Amino acid sequence: MKMSVVAMKCLQSRIEHINENMRNDVQTQVQEQLAQTLASMEASMQKQMEYSMQRQIYEVPVQHTTDRANASILTSLIP
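Residue 64 in our numbering sits at position 63 of the sequence shown, with consecutive numbering throughout.
Among the hints, erroneous ones may be present.
Said to hold, decoys possible - Computed cross-link-like contacts, DMTMM-like style, restricted to lysine to aspartate or glutamate with a CA-CA straight-line distance of at most 25 Å:
no.: 1; residue 1: 10; residue 2: 21
no.: 2; residue 1: 3; residue 2: 17
no.: 3; residue 1: 48; residue 2: 33
FYI, nobody ran anything at the bench for these hints, they're computed from the structure. Predicted model only: the values in this text are computed from it and were never measured.
Please build the complete structure, drawing on both the sequences and the hints.
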């Protein structure tokens, strides 16, 4: 099947146009996925930070109380 030069140029131009559109679509999809992943990671890190802060708030007094209890037990063991 022979094609004219003009038909081949038109076909080549159309293929290049389709390829460019596909590249743009893929790039857009990758950017959207990356944005979603980053947002998810940020939310996860925020929750982890909040959890860590809550643990610090509640564990410090408990640890202090435990240290006092241990100290008082040890002191009571010493004659």
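Against the structure, the hints:
Taking the CA atoms of residue 10 and residue 21, the gap is about 16 Å. The hint holds against a cut of 25 Å. Annotation: proposed proximity of residue 3 to residue 17 holds, straight-line Cα distance about 21 Å (limit 25 Å). Straight-line distance between C-alpha atoms of residue 48 and residue 33 comes to about 23 Å, which keeps the hinted pair within the 25 Å bound.
Of the numbered hints given earlier, the model fails none.
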